[in-house]
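J.: Okay, here's what each chain looks like letter by letter:
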Amino acid sequence: MNRALRFSPAFSISCVLFTLVFLPGCGGPAVPSDTLIYGRGGDANDLDPIHTDIGESVKVIVNIFEPLVAYDKETLDLVPGVAESWETSEDGREWTFKLRPGVKFHDETPLNADAVVFTFQRILDPDSPYAFGNVIPYFSNYSQIEKVEAVDDLTVKFTLKQPQATFLPTIAMFSSGIVSPTAVKKYGTEFSRNPVGSGPFKFEYWRPKQEILLSRFEDYWGDKAGVERVVFVPSQESSIRVIQLKRGEIHIADNLPPSDMDSLEGAEGVVVQSTPGINIGYLTMQTQKPPLDQVKVRQAVSHAIDLDRLIDVAYSGHAQKAKTMVPPTLWGHGENVPEHQYDVEKAKALLKEAAKEGGFELPVKLQLFVMDSPRPYMQQPRQTAIYIKDALEKVGFEIEIITNDIGQHFQRMTRGEHQLGLSGWSADIADPHNFLHTLLHSDNINKSGGNNLSQYKNEKVDELLDKAQFELDKGKRAQYYEEAQELIYEDVPVLPLVHVPVRIAERDNVKGYKLHPSSQVRLKSARLEE
Amino acid sequence: MSSASLDNVRPAPPISSKLWRVPGVWVGGGLVFLFVFAAIFANAVSPYSVDARFGKNLPPSWQHWLGTDSNEKDVLTRVIHGSRLSLVASITSISCAVIIGVSLGMLAGYKGGRTDMLIMRLIDIWLSFPSLLIAFLVIAALSPGWIAVILAVALINVPVFTRQIRAEMLSLKHAGYVESSIAAGATPFYLVLFVFLPAVTGTIWVLATLGLGHAILEVAALSFLGIAGDPSHAEWGSMLVEAKEHLAITIWPAIAPGVAISLTILGFNLFGDGLRELLNRRTRSF
Amino acid sequence: MWGVLLKRLVQAVATMVIAVLVVFLALRILPVNPVMARFGQHAVPEKIELEMERMGWNKPVWQQALAFGNQLLHGDLGESFARPGERISVRLGEALSATLELTLAAMLIAVPLGIFVGTVAAIWRNSWPDWISMAVALLGVSVPVFFLAICLILAFPSMPTGLRKPPGTPDFHTGFYFFESLVTGNFRMAVVCGRHLALPALALSTIPLAVISRVTRNAMLEVLDADYLRTARAKGAGILRVIARHAMPNASLSVLNIVGFQLGVLLSGAILTEKVFNWPGLGNYVVDGIRDYDYAVVQACALVTAGIFVVLNLTLDILFLLLDPRLREGRQS
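Protein chains in written order, with this note's numbering: chain A, 1 to 530; chain B, 1 to 286; chain C, 1 to 333.
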């Protein structure tokens, strides 16, 4: 009897461990102070600026690397960065940049004209030994650059094939971030895991799927970073990021579904920030395949969908109704384009007419392609798709939703396999060209990677977009874009749905961090208060 | 497991007299019946039409016993309708698995030798992957949809049947009455159809019932991982994955399909176990 | 006996080779271009072909397979394509140790508890402790692990979820955070890591727990029914004594078998648990690999999971040959 009651040591140890482990609040984490923890939905794939287009990588890259030209603290205006000043030649083909003296990379290498030339050679030179593979997502943005040369130690000259309005914004992109030539040569392909730039934060280490650690760069040329260390933490489940933020395990959480943001708005110790995003979420319609090759069918789709209700259901009201592909926060937005009309009766009538003309029967069967994971412009793709399906089925369509993983989704749509499809675009550069040309110019119909998913071809629109691209006068460009948008509205190759704001939630002891309209995550100004 | 001892000469007691001693069959059967009933009469039983919209994430109330989900739809209605897809998908896939698995198992057990070796190696390779990896690849290759899901789940479940049937075939071949049939010159066709198949029917039933539980789990798991058919169709796995993102707001859309999946699987498991117990001591199947 | 073992070894290697080959071919027939997938929404058509050529993915499949085989023979698993610069062997090591730690923790819960529950059920056969434990076991195999995980997160609102350790805390030397801090005597950290480990391990342990308790019960019952134990009981030996001295050792073989089997299932099958808890293990690694169409990663994972399966089976075979004298001869069938 006695024996049975006596606990074995192993048993008592496990008892103690068990209680400790499950006791709430016990064993507070030993996190070093002055460390900002940034929780996001996924991990980076590559920290080399030229080889990635993934948002989660960009968030880290913009803190490590700096381009020649930077965005203003609060607006989309371009201000001096690593380059102190710049000037253009008369014909707009030559750009000369004066570099800031005394700027150093994290590895002590001086940032000079040679480093800048080296950086751009990696992108432009197809045989460069320091470009690691051919996956350079923003390659076409640089295609107008003819050559880059060092004039003297602190002067760089770019020569363009023809004057281009989007050149300077391209130079301000994260992918133009200046890299340390010594580090690239030293690490080779491993540079993607050992990035060295000149930004306010220095890369420390990266545990895949667990954390990326950056620390303050003490020799930074400008104002130094407000916190000593930054940790980027991936937690895939948004609900878990919410829990982590509420408990204070992370300081900032981004990419949360809108309804969670609403519940966080009232939570204690949590502050919510928001800025209009430069993006568009839209419904693409394959214009080359029946029955959507008929404009009346496309109009019927457009009139059947109540955008206000869609925004309520899929965005909890936190999105802006779109009327054209260019967001209203950007210049060149088509002011004169009519508002979207929700009219079920009209949709029904249009569809009936089209059915009679085209000789097909109701209900019209369509496939709707949906991605399986959220994007900044499409925060809840499934809800959006289900809403659209329900709406369209009311006017005489029959919809089958096809869910694909993100890779397959866009590939199948570039091949034109869809009829309807959810898609969207976040601005690479703050210019209407980036929306209209990329998404609707017929040059971008290409089975291996064109973004004109609707396969829309209108010669007048093409002509206007071409003219706007090589015109330097902003007023004239705006005029061309306005006209193009009106033509596009008539043809309905796409149904613009929403412009989605960028929203984050942060602990109230995070000070000084303000969302930038470009939605770049620049943590330099963030501070932690006790 | 249920390798029946074939030389057992003791006459088996009639099945009905034992039925009451195995409560699992009753409870499990009841649960399964409940969900089958719900599936068949979903339209009559559920309070609303399956695609009616009411309001987002409403808490449970008299109008909506389990509240509504993030698509503004009634959770109870969706769960009831969800039993259709879950049951149809799992029954179809297990039927496929039975056909493939049993044929392979019989072939291996009957032919023996090289054929047997080949088939069993194949099964080993099959088993050496996590089943979800197989499913992933099958679905990606076929382009996602319910058909692909059903096929993938069928493939995952084949090895169980093959292995068990082969094992029984091996002992069957040496059973007295089989040997005498062979000696009497029975054709392979006759043997398979009238000798072997009846002998293993009991095992197939037991395995299939248990397999149905697995299949429901696997279908739900695949939707949970985001690879499934049309998400607007009521299906438990996709309901769960949808609701998981909104746990901070309402838990009912997650709890309801989760409990439904668990209860169905429990039902099949209980029923299968009971069946096994019932059939175990009988030499021939019913 | 050695002949048997040798034959098994050859079979095992053959199984692995064919398994990897199957995955290799399956990946090549997927209707997706991996280079385009990596480009995302910013594909540059003229660069895609170049990259396909650089990676050798334009070549006939058999040439690719030969190249891959050659690479494997040199002990090189290659580099990830979707995550450039990442050596697969390194990352696989991290993922494997994360999964191993999780699996071991789950087994630490499941094995003792399972044996205990099974024994209790066997002793009080056909009375309420038996019914309760077997009902719980049935429930354990019936509740989907991803649903259970959600319930656990809801039930323990103060437990950390989604990471292996608090972000920003010092790095570890090995991939075994909990066990490393235990061994190095950093108990504070061990508790912290243990808290991160607890819920995933608990969720993962239910199925082995259920299976082990059932097997234990059945094995025990078989032994308890044996005539010599009836005699022993009749002679007045206490039930505990009978269990400890006779039943336990005899039942241990079947329990060992099932533990080994479950270990294999868990190691390669923790995909769902890892997904819900965002555990950076093998399951998450392979799912991400498939989603990124990262050929080399999926192939390497296939190799490893097939390897785990084969090695575990082989180990069990050997153990049985050594432990069970009955099997030492003529286990040919």
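One thing to keep in mind: the hints can contain errors.
[To be verified] In silico lysine-lysine, PhoX-like type, Cα no more than 25 Å apart, as pairs:
no. : chain 1 : residue 1 : chain 2 : residue 2
1   : C       : K7        : B       : K111
2   : B       : K111      : A       : K321
3   : B       : K56       : A       : K246
If you are wondering where the hints come from, they were derived from the structure by calculation, not from laboratory data.
J.: Hint by hint, which ones does this structure get wrong, listed from lowest number up?
T.: 2
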